[in-house]
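*Asks:* One letter stands for each residue in the lines below.
Number of protein chains: 2
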Amino acid sequence: MSVSGHAGGTGGRRAASIRDVASAAGVSHQTVSRVINGHPSVRASTRARVEAAIADLGFRRSATAHALARGRSESVTVLTPNTVHHGYAAALQGIEEAARAASYMVGISVLDSDREPVVREALARAAGTGGGVIVIAYDRPGVRALELAPAGMPLVAAVETPAEPPPAGSPWVWTDDREAAREVTRHLLGLGHRTVHYVAIPSTTRTGGGAQRAAGWRAALTAAGAPVPEPVAGGWGPAEGYTAGRELARDPAVTAVLCGNDALALGLLRAFAEAGRDVPGEVSVAGFDDAPHAAFLTPSLTTVRLDFAGLGRACFALLHGLLQQGEPVAPHPVAAPRLILRESTGPRRG
Amino acid sequence: MSVSGHAGGTGGRRAASIRDVASAAGVSHQTVSRVINGHPSVRASTRARVEAAIADLGFRRSATAHALARGRSESVTVLTPNTVHHGYAAALQGIEEAARAASYMVGISVLDSDREPVVREALARAAGTGGGVIVIAYDRPGVRALELAPAGMPLVAAVETPAEPPPAGSPWVWTDDREAAREVTRHLLGLGHRTVHYVAIPSTTRTGGGAQRAAGWRAALTAAGAPVPEPVAGGWGPAEGYTAGRELARDPAVTAVLCGNDALALGLLRAFAEAGRDVPGEVSVAGFDDAPHAAFLTPSLTTVRLDFAGLGRACFALLHGLLQQGEPVAPHPVAAPRLILRESTGPRRG
DNA sequence: CTGAAAGCGCTTACAG
DNA sequence: CTGAAAGCGCTTACAG
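Chain order of the listed sequences is A and B.
Under full-length UniProt numbering, the first sequence has 291 at position 291, and the numbering climbs by one with no breaks.
Under full-length UniProt numbering, the second sequence has 109 at position 109, and the numbering climbs by one with no breaks.
Calculated from the structure, these hints are not laboratory results.
Everything numeric in this text was worked out from a predicted model, so none of it was measured.
Please note: incorrect hints may appear among the correct ones.
To be verified - One side of the interface only, derived from the structure: several residues of chain B facing chain A at Cβ under 8 Å:
1. Ala-90
2. Ala-101
3. Arg-250
4. Pro-252
5. His-293
Said to hold, decoys possible - Derived CB-CB ranges, DEER-like:
6. A/Gly-58 to B/Gly-26: 28 to 34 Å
7. A/Ala-223 to B/Ala-124: 53 to 59 Å
8. B/Glu-51 to A/Gly-321: 53 to 59 Å
9. B/Arg-246 to A/Asp-112: 54 to 60 Å
10. B/Leu-191 to A/Gly-321: 58 to 64 Å
Think of the CB as a built atom: it goes at the ideal place given N, C-alpha and C, for glycine as much as any other residue.
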């Protein structure tokens with residue numbers, strides 16, 4: 001064995017190809033292809049020679065050529081409205097983790113508009129990679145992408161809890177945030193609060209209001225015979241939570257608030273602190289997600305832990321299966337949400 | 001014009017190729033190639049016919065075939081230790097934004113080990129895409145990737161403020177966090193604090209301690225003739241900040257603490273609150289980054305705003321230039337950090 | 001200004 | 001078990 005072919009090379013000479021390996025091993029490039037693809041019908045001694053040549057030359061199969069010849073690449077493109085908010089970032093982390101373990105490349109493509117040409121362009125670019133696609137479809141751009149995706153495209157989606165059972169064969173996954181919202185709302189009612197106000201994250205549906213999280217909240221109130229206040233329009237971040245908090249702090253009837261996510265809750269807590277409204281003494285506050293900051297706020301935040309990283313891993317697993325077998329897979333929920341009780345919720349006083 | 005070739009198609013028939021366009025337009029596929037590449041020497045009428053056929057068939061150039069033929073693809077792979085912590089997530093956001101505007105695909109590859117085979121594998125996979133590479137090199141895995149990258153690889157790095165002027169032609173960018181650390185430390189000293197304690201983020205260097213941020217902090221203390229306390233080992237997240245905070249809260253001599261990032265500061269504030277140490281009454285606390293939560297904590301957090309999204313955009317711009325012209329580019333700092341004064345820092349009392 | 005030929009590095013039938 | 005041929009969809013010289 002020579003010591004020449006240092007993997008990674010000096011950038012000077014071009015990378016070894018399948019033919020270089022073939023001539024080094026004294027076989028045809030076709031046989032090399034069989035070896036690198038683990039094809040069974042290769043004599044052991046031949047295989048050994050080829051493998052030695054591969055190691056010697058530091059050969060790596062060109063993913064590009066492989067993709068062109070096969071018409072399919074080992075990669076996945078994630079279509080997501082953003083990469084920074086907790087749930088999205090964590091889902092992306094889970095996808096990358098699973099993809100890396102399977103030696104898939106992962107591409108990201110931020111989809112921040114639901115205009116048809118924009119969505120079509122994003123889909124076409126994703127399709128152009130020859131890999132699979134994972135759509136994070138919690139908002140209109142994502143839902144639009146699902147609607148506009150061509151039929152044959154290998155595609156998996158993370159969606160909100162479907163209002164009704166999805167069509168069989170829809171490759172969808174979700175966490176049951178409707179049930180989670182119901183649970184946290186019941187917790188609040190159980191503490192003696194007459195009702196629970198809701199600060200909404202932006203929603204998929206035309207009707208607005210945080211869709212399934214709002215639906216679960218509403219269901220719990222209704223089941224308990226509690227009045228259902230108008231949801232307060234929120235957003236994704238602390239600034240919107242702060243705005244909502246200033247509004248709610250003015251109303252002395254408000255004793256319990258559920259926020260559509262922990263970032264909103266952070267801003268809301270700040271607004272309550274400024275207004276001199278004690279949490280949880282006067283008002284209980286709960287969030288959603290169990291984002292990294294939730295446990296360390298003062299007061300620490302009662303919230304619902306959602307396993308977005310697990311959701312991301314499930315998305316990839318589903319897509320991987322779909323890419324291998326081509327068979328449609330059953331939609332299914334993943335990783336049950338869990339209520340985390342902390343300091344920000346307490347019994348109603350007075 | 002027929003209405004058949006609906007872009008995106010029905011997944012049924014395969015995508016139109018350059019030859020399909022050619023025969024539809026009555027030219028050779030070579031001429032189609034000229035048109036899609038904006039080659040000047042094509043008769044206007046020919047160009048028009050080809051463009052009509054392209055629109056009609058919904059033709060899109062195969063990125064894969066293009067990459068194979070050219071030996072280079074229009075994509076960038078980001079090598080980063082993680083995708084979720086604020087600075088990394090924001091840098092990634094900036095990269096994606098700039099890349100999308102230039103019609104580049106962006107891939108991500110998390111590099112969480114500095115073991116040589118792991119780093120080589122990540123580099124090889126990135127190189128295999130035929131695109132450029134951006135390394136986020138704030139820690140050992142990233143620095144190792146820079147060391148092991150083959151010479152010819154089109155590569156740009158986001159690095160810590162270099163201790164000495166980097167070799168000319170190093171395609172590096174950074175924010176001047178050393179100067180930023182100096183500035184916030186001076187602010188604290190100016191409030192009357194005898195010294196400033198430092199909770200470190202993990203560092204690149206063997207010596208540990210947050211490298212350039214620590215260096216700036218130390219420089220400011222030394223310049224002021226203040227004692228230099230041993231830095232407290234922190235980490236990336238609130239949990240580590242909490243641990244450090246419990247330790248520092250025990251020492252009554254501690255009146256000012258600088259945290260290597262805002263997530264650490266969050267945990268530290270919690271620890272101080274639990275210990276009954278008033279901020280900023282008894283102790284001043286400052287952070288780094290101006291992460292989204294900083295402005296909404298109680299007390300709100302004095303910090304240094306670092307423009308990571310701008311850093312990400314600068315990385316892509318540099319790489320894009322490098323990919324086009326092949327000329328080496330000068331290393332340079334981007335977006336000056338800015339001190340943001342909030343409630344968590346105040347004059348020393350007693 | 002335009003076309004015929006060869007090639008990028010693989011894989012997929014088809015022979016033997 | 002192994003090789004010669006054709007092809008994936010583009011681009012790059014080379015002719016004309």
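*Asks:* Go through the hint on B/His-293 and say holds or violated, using the shortest Cβ distance to chain A against 8 Å.
*Replies:* Because about 5 Å separates B/His-293 from the closest Cβ in chain A, which is inside the 8 Å limit, the hint holds.
*Asks:* Honestly, do A/Ala-223 and B/Ala-124 meet the 53 to 59 Å range at C-beta?
*Replies:* 57 Å, holds
*Asks:* Does B/Ala-101 meet its interface restraint, that is, does its C-beta lie within less than 8 Å of any C-beta in chain A?
*Replies:* Result: violated, 11 Å to nearest chain A Cβ.
*Asks:* Is the distance from the Cβ of B/Glu-51 to the Cβ of A/Gly-321 consistent with 53 to 59 Å?
*Replies:* 41 Å, violated
*Asks:* State, for the Cβ atoms of B/Leu-191 and A/Gly-321, whether the hinted interval 58 to 64 Å holds or is violated.
*Replies:* 59 Å, holds
*Asks:* Within 28 to 34 Å or not, the Cβ separation of A/Gly-58 and B/Gly-26?
*Replies:* 47 Å Cβ-Cβ, so the 28 to 34 Å window is violated.
*Asks:* Per the CB criterion, is B/Pro-252 less than 8 Å away from chain A?
*Replies:* Not OK, violated: B/Pro-252 not within 8 Å of chain A, min 21 Å.
*Asks:* Does the interface hint hold: is B/Arg-250 within less than 8 Å of chain A, judged Cβ to Cβ?
*Replies:* 19 Å, violated
*Asks:* Please verify that hint: B/Ala-90, Cβ, nearest Cβ of chain A, below 8 Å or not.
*Replies:* 7 Å, holds
*Asks:* Against the range 54 to 60 Å, how does the distance between the Cβ atoms of B/Arg-246 and A/Asp-112 compare: consistent or not?
*Replies:* 41 Å, violated
Going through the hint list in order, the structure does not satisfy hints 2, 3, 4, 6, 8, 9.
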